[in-house]
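A.B. asks: Chains as they are written, first to last, in this note's numbering: chain A, 1362 to 1770; chain B, 1362 to 1770; chain C, 164 to 522; chain D, 164 to 522.
Read the hints as simulated data drawn from the structure, not as lab findings.
Examples of chain A residues lying across from chain B (beta carbon under 8 Å, computed): (1) 1642; (2) 1643; (3) 1646.
Values in this document were obtained by computation on a predicted structure and should not be read as measured data. Backbone N, C-alpha and C define an ideal beta-carbon position, used for all residues, glycine too.
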Amino acid sequence: MDLAYGPEYETFRAELRAFLETHGSEAPGRRGEIASVGSAEVTAWQAKLIDRGYAARTIPKEYGGAGHEADPLIATILSEEFGRTHVSKGVGGQGIDMLVPTLLEHGTEAQKKRYVPATVRGEMVWCQGYSEPGAGSDLAALQTSGRVEGDHLFINGQKIWTSTAQFSQMMFALIRTEPDAPKHEGISYVLVPMDTPGIDVRPLKTMTGHAEFNEVFFDEVKVPLANIVGRRGEGWKIANTTLRHERNMLGSSATSESLYEGALQVLREERIDGGRAVDSPVLRDRLMKLQAETIANKAHAMRLLTSRLRGENAGVAGLVSKLNGCQLNHDLAGLAIDAMGEGGALYRGSERARDGGRWQFQYMFQLGLIIGGGTAQIQKNIISERGLGMPREPKAVKAAAEATPGSDT
Amino acid sequence: MDLAYGPEYETFRAELRAFLETHGSEAPGRRGEIASVGSAEVTAWQAKLIDRGYAARTIPKEYGGAGHEADPLIATILSEEFGRTHVSKGVGGQGIDMLVPTLLEHGTEAQKKRYVPATVRGEMVWCQGYSEPGAGSDLAALQTSGRVEGDHLFINGQKIWTSTAQFSQMMFALIRTEPDAPKHEGISYVLVPMDTPGIDVRPLKTMTGHAEFNEVFFDEVKVPLANIVGRRGEGWKIANTTLRHERNMLGSSATSESLYEGALQVLREERIDGGRAVDSPVLRDRLMKLQAETIANKAHAMRLLTSRLRGENAGVAGLVSKLNGCQLNHDLAGLAIDAMGEGGALYRGSERARDGGRWQFQYMFQLGLIIGGGTAQIQKNIISERGLGMPREPKAVKAAAEATPGSDT
Amino acid sequence: MDFGLSEEQALLDETVRRFLDERLPMSRVREVVESESGVDDEGWRALAELGVAGALVPEAFGGAGLSLLDAAVIATALGHGAAPLPFVGSSVLATLLLRDVADGDVQAQWLPALAGGGARIAVGIAERVEARQGAGLTEAEGGLSGTALFVLDGQDADAFWLVCGDDAHLVRAGAAGLTAKPLPTIDRTRRCVEVGLEDAVPEASYRGVGASLDRVLDAGRIVLAADILGGCDRALALSVAYATDRKQFGRPISTFQAVKHMCAEMAAAIEPSRSLVWYAAHAWDALPDEAPLLATLCKAHLSDVGHDVMRTATQVHGGIGFTDECDLQFWFKREGLSRQLLGGPEALRAHAARLQGIA
Amino acid sequence: MDFGLSEEQALLDETVRRFLDERLPMSRVREVVESESGVDDEGWRALAELGVAGALVPEAFGGAGLSLLDAAVIATALGHGAAPLPFVGSSVLATLLLRDVADGDVQAQWLPALAGGGARIAVGIAERVEARQGAGLTEAEGGLSGTALFVLDGQDADAFWLVCGDDAHLVRAGAAGLTAKPLPTIDRTRRCVEVGLEDAVPEASYRGVGASLDRVLDAGRIVLAADILGGCDRALALSVAYATDRKQFGRPISTFQAVKHMCAEMAAAIEPSRSLVWYAAHAWDALPDEAPLLATLCKAHLSDVGHDVMRTATQVHGGIGFTDECDLQFWFKREGLSRQLLGGPEALRAHAARLQGIA
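Using the sequences provided together with the hints, build the complete structure.
C.D. replies: Right under this line is the structure:
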């Protein structure tokens, strides 16, 4: 057991800190902020980061990245330092995190050349077209169809939960191109320019009151067959590669740590009958319970990082982070709200709402994450089957297991 | 809304109180205590109670009962007053509570004459032979067989969770008599004298360290066909009548109220660092949470009583008591244990164990009840199907639902 | 012995629900919450004709003269409908203050107007439950100054009951020095305001009425619990309906064990809660010694049950339950506000312990 | 950066588990707990040869000189085996007190004997955590009087560490005025005693060692948490195995959603708990500033996870899980005692808040 990163890494960290101190103020708005996507400011910052190996680090130089070997410790240091200083990590999102790795693995040379460098530079923004209203986690039930005519696909159907569709140039989508093939084999992975006629993007407002997502409708959308990645009908396999990337993205304890610190601050500052909320033994007991979980998740993330460094399979330990993390985040938000009492019910639009209504937003949004992106029910199936080696359910019953609530997202 | 019982009932209550005050000291040990079953003391007390209509109240006079109409309010008053004074309610158990109503409904005149009066007097004690190691809540899977030869059945197999087998004269049992009939139709309801050769009763020790139950083994146990109640193969239907009685028995809030009072007393008396446990705001918060549930269950019992008085179907409200009650009792025991700290871990055998180890016993025993007597999982199936009108699961899946844990009891 | 709703109460429940189904379906609720006042004035007046607005107004003042149990029945129905109507604040808290605290003249002036649905009075009593930063009133030379937060049903109210210590002041909306500002919460179906006062002169002041204030608080807690109960009923009904409609793998998801069990757990939590709400309301009407404890525990319990039910119902609805388009969010958010009003669960449980001398 | 067990630690874990599987299977555990001493002396001496008894004894005194993380690995394995062995009391608490508090002579006298498995020292430190009725020691003219409750591993111990305020006293079992009486708890795999003292003279007394006592308490909490963790591992493994074997309706119940999800919930609770135990133990070894908070939260968290896991595992086992015949009860009860030793979860969380200056 050794929690130190070692001198080589601490040098890297020191350089990074110095860079952030000197140049942090040049960074555009925080990663993911919509206004800044694709702007000159963003691409300039991104170029600077790539130059130093702080962004697109493991993407080969020939495709516009920094060309370094993958190193989980370096990745952790980058994440920690950018997170600590709240400086933009550069271009992120589903293009660079999901599409690029997929293209590098499965794309043709022409596809890589055409899409990867632009994406890495931040000039080309992508959205993901997987979920459909009738097919949530069960992607095999996708119905959006691609009719082959000559060298083109004609796409009809609807995608949902498409988070960045409104300002994306491109979508990577799963389209059913072989209607007669068995369910999993009839799907292709297709790159769709968002300015193609027949595409209609509609904001999807959630219970938070904001449109964090979109619906995208396709009406005879014409896309060249050359835009299929891998072979026709191979999309299911390819998507699974990408989904693995997404599952990894969701496993960090940083959100919980930040919410814990925020909740602690709320309890320290909030006053009830003249005393601080944190002086209420009952609220404090809840806080300590959640602190223990937060620390456990943080330790767990270190353990999983170590497994990757050692090249070990983390087994069941590697499958539980998402289930625990979202629930913990939801509970932390719930505690902060309760500590504020009636003030906890205030929301965006109220000057008196603490942190701009952050806590109610998180309370709802984290619940959305429990439901979405691989539901709690699906996670439990995965843990018991892959983690504990319990049998998959017989066919009829398996259907039941996977069609549980939340499979809609 | 009127919580008063009215003058007629208050008169009954006053008479009962006077009786209990005058004669309570003549009562034998508390109902259900094993030592006193079948003794002269018990039968004398039982006779006195029946004479006044305080026991066997609704059983016709010709079969040894008091011959009154069923009246839920009278039943409630009896339960309240005997409970309050901790005086024995007379003979209880599965004979008088389950077998007698079943015989009165389904038995032949000869069976009624032979068994009901002796049972009502407390001279004949019964045990229930339903559960088997391989068939819990799923009684249709029973395997204990009754081979018909001439006028007799020859019984082979095993029953489990037979709580009073060791001092019972008789068992009412479900025996598979028609091996070729469909599962639910091949079962008969059989009265088995426990002194028949080939019966072996073995105590079944539970995790509490005590043998609250038994296993009963049958090896060529010969019973006359005349001991079958109803028609051969009708046992499933008849057992369901009896099970309804059992489910009603389990619905009261009296245990929770008594455990709440006990837990409160523990918190008041237990001292931590010189202060009372009840002065810990965290323990107090847990206590108040459970008090709210206890009162809710008490109010709910009044509501269900009213439904019966009005002759209404209580709907889904009538199906939830057991699920809530056992969980609440388990939680109350857990709170009392935590309030005692290390002292809470003491158990029978320790002079220092508060209430003779009652709290650890209840913590385990109530968990046993959550598992047993219609498991939590089965209860939820019943609530959703009968209460909420949700569909029964398709056959293959239904099997899954009913074979969930706990179905072993 | 009769622990249950009377035929009249069952009818009242049915009448209000049917009215809301017809006149305030969720499509209409969505319009109303977007409006400035946030209240369906027309609907409120129509409901007033059915006796709802004046449920607790004595018959002598043109009201229905009903019991708190009746009011709880109404509140459950209004909660079931997520009704954007000023019942808890104006028809319960303000009305009871008028009834129990005010003198005859003031009663005569306001109670008939409240009963008719033409006037509304908001109530600022949050400070009596727990004093919070940035709020508090002081009285000097007959004028009130300071801030009252979470003044219920305060949008477009005609007057405000403002509580200061053991005193209750009735201040007209137009009084000099009084400003009322919207206080947006997650629940858009009921509007709270923040009342600022600078030497505002009350129309009437009643001093040393702490006992009445506490009794009114108890009533408010019971009625809020009843409102949560109605929301839970609706959330469960929506879940069962959604599960019946929604097909996956060619079967309604209502046939799957996990979905059924979630619905069963909601029902198992809701039904004894209903019994508790009835019990607490009846105690307020008829068993005054028991009422404070029951009101306190009832509100705490319903807040926790409500929280669980709303989360579970959202999960049954899957991704759809997270969208604005899904009506479920209205109850989710309404419960979120009700939970905190007049005392959150922890504060109430501490209060319950004090009431019993346990603390 | 390397957050995980070393190869040596993995081997240690495997060695102890294999030893217990072979030498102390549950059939043997059942015999041992029925015996008077409640400890498998022969097994303990054999384990001592493997370095277990003297894990924390410095090599200079014939021990293995291992870290607390190593001890936590051992404790997890012993918890996994529900081993009736005096590890937490004698090999951790008593050994650390000897190491950190005692002088060289006393160390030389006892540490080698502990490491060899031939001697056992029990520890009475419960009063330092929370003072309880009927317990407490006083010192007068060099003699100790009073009662120490929940003295860990006290059955047939050769000596007792008894804590009185900031002082620690080592008293021989045969000392005049000392009596040790069994204190039966639900957990029969570890024996607590009640030590009565009437002017008993310690062999050695160390005063003003409060800081060391606290550090030893931290170690004890971590090791108890590790023991609970091992019990959880076993309870989950038994549940998965039972579900695989048990057939209903012609299929193993492990193929049913409800059963699988209960197992998944156990695993999801257990795995981050394991990470927390390792972290806390490593902190005790290497990050002294973080250790007190981590030890405290770790024990509180594992106690709650343990409670849930034991309940869930019992439910997976159905009626069988409620029988004495089913081994699961051993871990259920062992967790029930561990939960309360050296501070229950609420007390520990209050302590954690104080440590951070939050309280």
